[in-house]
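Engineer: Each chain, letter by letter, is given below.
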Amino acid sequence: MTSTRKEPSGVTGTPGGRPSPARARSRGRGAPYLFLLPATVLFALFFALPIGYALWLSLHKVEVKGLGLGAGARQEVWAGLANYADALTDSELLAGALRVVGYGAIVVPVMLGLALVFALMLDSEKVRLTRFTRLAIFLPYAVPGVVAALLWGFLYLPDVSPFYFVLDKLGLPQPDLLDGGPLYLALSNIAVWGGTGFNMIVIYTSLRAIPHEVYEAARLDGATPLQIALRIKIPMVAPSLVLTFFFSIIATLQVFSEPTTLKPLTNSVSTTWSPLMKVYQDAFGKGDIHSAAAGAVLIAVATLVLSFGFLRVANSRSQQEEAR
Amino acid sequence: MSTLAVRKTAPAAGTTPGTAQGPPPASGGRTPSGRRRIALVPTLTLLLGALYCLLPVAWVVIAATKSGSELFSTFTFLPGTGFADNLSDLNAYRDGVYWKWMGNSALYAGLGALLSTAVSAVSGYALAIYRFRGRETVFNVLMAGVLMPPVILAVPQYLLLAKADLTDSYWSVLLPLVLSPYGVYLARIYAAAAVPGDVVEAGRMDGASEWRIFTRIALPMMVPGLVTVFLFQFVAVWNNFLLPYIMLSDDEKFPITLGLFTLLEQGSNTPALYTLVITGALLAVLPLIALFLAVQRFWSLDLLSGAVKS
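In order, the protein sequences belong to chains A and B.
If you read the first sequence in the working numbering, its first letter stands for residue 1, the second for the next number, and so on.
If you read the second sequence in the working numbering, its first letter stands for residue 325, the second for the next number, and so on.
Errors might be hidden in some of the hints.
Stated by the list, open to error - Computed list of lysine-lysine pairs in BS3-like fashion (alpha-carbon distance at most 30 Å, straight line): (1) A:Lys286 / A:Lys61; (2) A:Lys286 / A:Lys126; (3) A:Lys169 / B:Lys487; (4) B:Lys487 / B:Lys424; (5) B:Lys487 / A:Lys61; (6) A:Lys65 / B:Lys487.
To be verified - What the simulated footprint calls covered on chain A by chain B, stretch by stretch (three residues with Cβ under 8 Å from a Cβ of chain B suffice, anywhere in the stretch; the number is not a length): (7) 35-43; (8) 169-180; (9) 270-281; (10) 284-294.
In case anyone wonders, no lab produced these hints; they're calculated from the structure.
Backbone N, C-alpha and C fix where the C-beta goes; we use that ideal spot for every residue, glycine too.
All chains, please: the whole structure from these sequences, using the hints.
Structural biologist: Set out below in structure tokens:
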């Protein structure tokens, strides 16, 4: 976001040689507004309105009068911050938040670490079969999260899995991958599998944009390939790394479909495993839309605070380094 | 970052030939006089990565050939004998509801991506070409949408659509996904890089209307970028689970992700359905993989990078 603000001045400024800007501007004055009408209407209906409604709901509650029968017996009344207070002291929601933070602490570093290593290797010299490996590693991007969770879910099942088959033949102990601590690894693995390729491509693209003269100069100075990777390549693709981190944090904190898909295969994924699942459960399981709205707002705020907090830290660092 | 994206998207759009002296492809990094040695460590590491990524896909291909009893009794990577039976079982399951799901997914993803691309194109063009009051405000507000976690949107969207009596309809899955801030951003970048201001001005001199300039002159220039927008949005909708999960209850309208999920849910009680789930998962993955391979050209790295620098 910070970068998009800068971009228009460089790209879209009126080119110097425009014949008569004044005349052109007066003619097409209404056009941009008309062109932007569909996007504006859709934004109002499907972004602004729902967010406003969620905020409104989160500040209200249902009050039942008398026996709760008859018209007007159930009224929505102002609740202040009561729903938020409830959500913040809700042990299930907090436990879910902790689970997701633990899950994210595994997923984000492993996924992006692998993506970076693969990208650097694709970009290094004398590597073979890059076309095949690049495509193969990118392939999981085409697999929906539900299907990915489903495939891995079966691979985690002792009766079906090749891993257990091997462990069995070797006489080794067979851990239950769908319970306790291993469950985090099992879920993380699904996310890492699905996300590494896409991030690898993003980083690889930035790597290819680095002019080769830079490497030549470094090589003449006697730098080894490893030094080039660590001292030149990684700092130069830092902006991409920051960006992939940023979006990975947002996606990870909202994990929903993978644990939901594993649920039928194990008893240890509860209906409120992640905060988002808890919100779903509140809204559609219990029918308590006001608590659900408060929970959703809290998750959104936490996501934005964490992701932007990260972006700030990263930007202030890279600005120090990029003062060249 | 974004200037970088612009610079790189330019060659794709064919406007700045000056940047064509970019680096040679990494795979061809050998110098002509160089030794033809292979860098073993990176090559093997990448092969391991590829193996890891292909493993579940290989598993599902083999598992889909197994009959229900073979699935739990024979070695995982030993092909079975039940593929034809599995297929016909899947066809027969609830009068072929599986194919209905596939059709729904194609409809949601195809039509949704098409609408989304159209909206992105016209918005991105307006934001790139015109200078008008409030342009940056509009752009920044639209972009803020990218950061909104879907969770804060999906539940109130459901409640609001319920008031309009639109839940459990095709519209409820299609409409919320039409505006893609990501797509607008991409289209703006492409329009800025690919449509020169002079060309627009020349069109005006010839007396063409603004709309005509957009549809006849600018749109063809933006096509490579718009294909990328379409593909991204297609994958995003095809893979979406949360929105249909919340919006739909009639399983005739389910997309394939939701359909397979319900099948798996029932499978936990009746393991006989597992073979259906596995065969269904295989067939569900094929269209997107086929799409990927078919339009690989459009997944070219430059286009992808422009997409991600939002």
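Engineer: Give a verdict on every hint.
Structural biologist: Verification of the supplied hints:
For the proposed pair Lys286 (chain A) and Lys61 (chain A), the alpha carbon gap of about 14 Å is at most 30 Å, so the pair holds. Pair hint Lys286 (chain A) plus Lys126 (chain A) does not hold up; C-alpha atoms about 59 Å apart against a cutoff of 30 Å. Simply put, Lys169 (chain A) and Lys487 (chain B) have alpha-carbon atoms about 59 Å apart, too far for the 30 Å limit, and the pair is violated. The straight-line distance between the Cα atoms of Lys487 (chain B) and Lys424 (chain B) is roughly 27 Å, inside the 30 Å bound, and the hint therefore holds.
As the CA atoms of Lys487 (chain B) and Lys61 (chain A) are separated by approximately 18 Å, the hinted pair is consistent with the 30 Å bound. With a C-alpha separation of about 24 Å, the suggested pair Lys65 (chain A) and Lys487 (chain B) falls inside the 30 Å cut-off, and the hint holds. For a cut-off of 8 Å, the count of residues in the segment 35-43 of chain A with a CB near a CB of chain B stands at 7, and the three-residue condition holds. Using a Cβ-Cβ cut-off of 8 Å, 0 residues of the segment 169-180 of chain A lie near chain B, which falls short of the minimum of three, so the contact claim is violated.
Only residues whose C-beta sits within less than 8 Å of a C-beta in chain B count toward coverage, and the segment 270-281 of chain A has 3 of them, enough to reach three; the restraint holds. Only residues whose beta carbon comes within less than 8 Å of a beta carbon in chain B count, and the segment 284-294 of chain A has 4; three or more means the coverage holds.
When held up to the earlier numbered hints, the structure conflicts with 2, 3 and 8 and fits the remainder.
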